[in-house]
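There are 4 protein chains.
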Amino acid sequence: MLGPGVWASVRQGLSKGLSRNVRGWASGVGRKVDISGTYPALTTPFTATSEIDYGKLEENLHKLGTFPFRGFVVQGSTGEFPFLTSTERLEVVSRIRQIIPKDKLLIAGSGCESTQTTVEMTLSMAQVGADAVIVVTPCYYRGRMSSAALIHHYTKVADLSPIPVVLYSVPANTGLDLPVDAVVTLSHHPNIVGMKDSGGDITRIGLIIHKTRKQDFKVLAGSVGFLLASYAVGAVGNIGGLANVLGAQVCQLERLCLTGQWEAAQELQHRLIEPNTAVTKRFGIPGLKKTMDWFGYYGGPCRAPLQELSPAEEEALRVDFSSNGWL
Amino acid sequence: MLGPGVWASVRQGLSKGLSRNVRGWASGVGRKVDISGTYPALTTPFTATSEIDYGKLEENLHKLGTFPFRGFVVQGSTGEFPFLTSTERLEVVSRIRQIIPKDKLLIAGSGCESTQTTVEMTLSMAQVGADAVIVVTPCYYRGRMSSAALIHHYTKVADLSPIPVVLYSVPANTGLDLPVDAVVTLSHHPNIVGMKDSGGDITRIGLIIHKTRKQDFKVLAGSVGFLLASYAVGAVGNIGGLANVLGAQVCQLERLCLTGQWEAAQELQHRLIEPNTAVTKRFGIPGLKKTMDWFGYYGGPCRAPLQELSPAEEEALRVDFSSNGWL
Amino acid sequence: MLGPGVWASVRQGLSKGLSRNVRGWASGVGRKVDISGTYPALTTPFTATSEIDYGKLEENLHKLGTFPFRGFVVQGSTGEFPFLTSTERLEVVSRIRQIIPKDKLLIAGSGCESTQTTVEMTLSMAQVGADAVIVVTPCYYRGRMSSAALIHHYTKVADLSPIPVVLYSVPANTGLDLPVDAVVTLSHHPNIVGMKDSGGDITRIGLIIHKTRKQDFKVLAGSVGFLLASYAVGAVGNIGGLANVLGAQVCQLERLCLTGQWEAAQELQHRLIEPNTAVTKRFGIPGLKKTMDWFGYYGGPCRAPLQELSPAEEEALRVDFSSNGWL
Amino acid sequence: MLGPGVWASVRQGLSKGLSRNVRGWASGVGRKVDISGTYPALTTPFTATSEIDYGKLEENLHKLGTFPFRGFVVQGSTGEFPFLTSTERLEVVSRIRQIIPKDKLLIAGSGCESTQTTVEMTLSMAQVGADAVIVVTPCYYRGRMSSAALIHHYTKVADLSPIPVVLYSVPANTGLDLPVDAVVTLSHHPNIVGMKDSGGDITRIGLIIHKTRKQDFKVLAGSVGFLLASYAVGAVGNIGGLANVLGAQVCQLERLCLTGQWEAAQELQHRLIEPNTAVTKRFGIPGLKKTMDWFGYYGGPCRAPLQELSPAEEEALRVDFSSNGWL
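Residue numbers (my numbering), protein chains in the order written: chain W, 2 to 328; chain Z, 2 to 328; chain A, 2 to 328; chain G, 2 to 328.
Since the hints were derived computationally from the structure, they do not count as laboratory data. Heads up, a few of these hints could be off.
Because identical chains cannot be distinguished in the list, a pair is counted as satisfied if it fits within a single copy or across any two copies.
Calculated lysine-lysine pairs in the DSSO-like style (CA-CA distance at most 30 Å, straight line) [what the hints assert, rightly or not]: (1) Lys-282 with Lys-212; (2) Lys-33 with Lys-57; (3) Lys-57 with Lys-215; (4) Lys-157 with Lys-57; (5) Lys-215 with Lys-105; (6) Lys-64 with Lys-212; (7) Lys-212 with Lys-57; (8) Lys-215 with Lys-282; (9) Lys-33 with Lys-103; (10) Lys-212 with Lys-103; (11) Lys-105 with Lys-64; (12) Lys-57 with Lys-105; (13) Lys-57 with Lys-282.
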């Protein structure tokens, strides 16, 4: 187990110019990992008393291990990362690293509001075994988060990170879209390997792919609802909560896209839209966790202030799955 | 030329129960026209003194006639319809009907704020030769435009229209998305044949196609920016302003989609995103008309309050086309 | 009664350079009318078959005539003007002019989407007896409605109008706020006498008053919900739908503000917020008309696509009035 | 100085049922502090290397101590709290408590995303000397932050807090308005003493005051831009960044309001709108800190990702103050 001391020492190191050494650790900068593929955005299982349930986490991972995922995203929005302490964030990643095979990419969310804290968390995530970090846009001061500010933020993080950085734009949570011009600029950074776009504006996604086509920069759909459309315009991966419950289907949808079986892909995509919306913007993480319980995984409670679904919500959630043939 | 008298007589007719006869005119209800295909959303050319320039309209149509369009959409948002009098709206459609070949579909915008006026305009459009009408959502009282209100509106129009009705959702102009549940309900109406969705939310577009799949209901992309993605999820047509200047390319993009040449489609789609955005949400109709002037069509001025582009805007517009190899 | 011929002749006149003469009619330009005071934004009564019910209109006006209003606003958003034909719009104003006393200001909505049509409607409104016009921002092409475009629009209208012009910003309906800098520029026009702001952003209202303080330019609250606050920051009038049902109370609230009885004003204002919200953004014109029926006026039906309230909505509307002691 | 150990021990305490004892510390619950009055929302001064500059903090406080403020708000949005570690948050409050007189209220921001962490931070803030806490709405999962979820969150915090709780709604930062019905419910809690509303919707503010009038619940304007209007509808306090630079003027504005000198208040209010907007939504904290440098306080740099103003922004900021006679 990893104590708070590790994190503190990383912080001390940072202020002493650790960054040069840090790069040395993993010779990360310059080594571009190919992040193409399908990833579940993992939930964080809690006990009835809101402690992290590492046993259930391991059980879930063993079940998910049967699908051909490229890896796992830990502490994306689905992971309730804003409710975890720094220590918990690192401990979860550390545990997962020990559970999953070496060839599965472990992409860990390391975004915080301040640049410095994001750098520190990024370094720590590398230390506990993450293969890459995914960094959400800071957003509390969104009125001042210009392209210049965001370019500065991500450049700093990528400069100092020993492992590759994935940009993460999720306007439903942040109220902020990472501007296209900022993405294009950042795509030239040797340690920025791609982006997760959860906004779902397919015109924007296509444009980003077009304008970064000369860089080694991968765009991943941030939700299964627009997976097919994203692949059609050039995306090469996807990260979403739905893969926690319909992992086989999401992997199959990707395979149909990659092998050009667009008709079959279309039919499958159609049947996944409502379930996907149900476990994201309609019912959120409480909806996803409830569904996990139905599908043989451990969902369990969320941390407050997230609330359980009401009976009426639960019924509507069930219909979103059953009417599409999944329950 | 068509005078105001025609419109007035249509109005009188309506109040006398004309609807039954009107249906008789074209035996429209029940006859489902297949609206699949590519359509330019025509601009309305004006002289320097803001009169409609029918000569230029004809010249434009002759040039556009060389491309394999399924037809033409007249008085969509691109046609500045809110700036035309009722008489002008009908006269433009009447003239176009006389110019274009019979086998080209003429879809005329007949949307007004009130249900009654929309019905009247629809009847008049049928009388002057439209093959179908496209009806924008009423929007001034958007706070009260519930699904129920919109279902009532479109049902009334479709009940009374002698020609097929196309739904039209364009939130950038109306501040209103036609709700999915309303679309699904309306897709069962025998005289509603499809929908133009200009919002570009590809998840929503996919869901609409999925939930109307058992009806004879066609979904058309409302802008070229998301044409490929829309076809990938099941759209079968597109209507947009860009086809006024890059008609060959838009038709080619559709053909690539329909024949499953997704890689070539993707490359072409990418190069059309910025030009399309430039002539729609970035620079609007003044941008499109300026581009038409560049491409050998007549663009000319817009009616006020739409203003000409500034020199800086014009330069940016040019870059959006030249950087993608179109100028 | 006024036929469509009048309007047509006004249009002809305009194209022949009528504007100079038009100014002569009323010697409007330069004569600044003081629009301070309270105005109901009148509804348009319809029969069960959706015809305008002029008899009920007259009855309503006689009842409203017992309150110390400064005048009446006809065909603001409350008047369902987008559902009236041009002929109806003028006829309603003409009738009201004949009913109300000469010393009551009649401010008529003349806004249309195009500048030219707005000018024509403005001239016609003057001809049928309006004392001033209130001109809503054109909004269908809101993406291009820059300050420059709006300044051009209003300047043209004010240049040609024989009667004073009132600016009208109502973002709930138009999705557009008339920008502060545009208001400031327009406040210098000799024929623009003030503004109705229905957005309710009190910081913005205060700023507009501050920056136009050296002009003869009056700012009127566009809703009773923020009447007191608006007067506190310098507004001198108000226009709203609530005065159709609680006319005495709205006049009293204004009087309390003008005489510095802020505590009593505050208490009265508080009790009017929920009723005001109920007849505007919560239940709209159908809510206002229903309430008029309760309060001894004629409300009646709205034109489609506006729908009647559901029983549940009607009950909630009633509570908004009864819980504040008005029913 | 306060080390991380304190915070850790508080956390341990919590899990051992400390809450009962904690209440004992300050006998907070049930004792309603009157929070009426003017408060600057303090900035956090940083050195050139981004360390907290406690010396400058003390200097600023001594200068601010000359104005008749009711107290100080620490770690509102203006304090860059999302960029501070937990240890820093507590240390800043602890230092300020030692600097300012006992009779000045110290209201400390203790909001975090999770309920549990907010409770812990609240307990710690009490321990280091805060008189009350101000708790921002959690917002990352705003799609699930229903009234029920927010009521649950605040009730838990208020139940366990040894000191009074102030609700804090700031949609510009959170994308979330604390719903009126939630505020009304929470106003009955014996340990919730009021609310800071930074949204500025004066109709809403008036309604909240009206519906909580029977509770001992104070509403404070969350920005100086709508201070006068808020007092006019019944607010009794204000918290804002502008008081860091124009402290005398903000206190004077409040006094004018409280003594019924509305004309003088209006004139002063008008001259404060643009400066206030400049240091909040227009140029944010970087704008406020720059202005502090001009006015004899220490502003200094912000933590990244917040960026310094560009020269053009700085010039515009200066005009916002000079054109209103403050520079």
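We went through each hint and held it up to the structure:
In this assembly of identical chains, Lys-282 and Lys-212 lie within 30 Å of each other by CA distance both inside one copy and across copies; the values are 29 Å within and 19 Å between. In this homomeric assembly, Lys-33 and Lys-57 never come within 30 Å of each other (Cα to Cα): the closest approach is 33 Å inside a single copy and 45 Å across copies. Taking the shortest alpha-carbon separations for Lys-57 and Lys-215, neither the intra-copy value of 43 Å nor the inter-copy value of 42 Å comes in at or below 30 Å. In this assembly of identical chains, the alpha carbons of Lys-157 and Lys-57 lie at most 30 Å apart only when taken from different copies (27 Å versus 36 Å within one copy).
When the C-alpha separation of Lys-215 and Lys-105 is checked against a cutoff of 30 Å, the pair qualifies only within one copy, where the shortest distance is 27 Å, while the shortest distance between copies is 41 Å. When the C-alpha separation of Lys-64 and Lys-212 is checked against a cutoff of 30 Å, the pair qualifies neither within a copy, at 38 Å, nor between copies, at 32 Å. Taking the shortest Cα distances, Lys-212 and Lys-57 never come within 30 Å of each other, neither inside one copy (42 Å) nor across copies (37 Å). For a Cα distance limit of 30 Å, the shortest separation of Lys-215 from Lys-282 across copies, 27 Å, qualifies, whereas the shortest one inside one copy, 34 Å, does not.
In this assembly of identical chains, the alpha carbons of Lys-33 and Lys-103 lie at most 30 Å apart only when taken from the same copy (17 Å versus 58 Å across copies). In this assembly of identical chains, the alpha carbons of Lys-212 and Lys-103 never lie at most 30 Å apart, being 33 Å within a copy and 42 Å across copies at closest. In this assembly of identical chains, the alpha carbons of Lys-105 and Lys-64 lie at most 30 Å apart only when taken from the same copy (14 Å versus 56 Å across copies). When the C-alpha separation of Lys-57 and Lys-105 is checked against a cutoff of 30 Å, the pair qualifies only within one copy, where the shortest distance is 19 Å, while the shortest distance between copies is 50 Å.
With identical chains, the CA atoms of Lys-57 and Lys-282 are at most 30 Å apart within one copy only, with a shortest distance of 25 Å there and 45 Å across copies.
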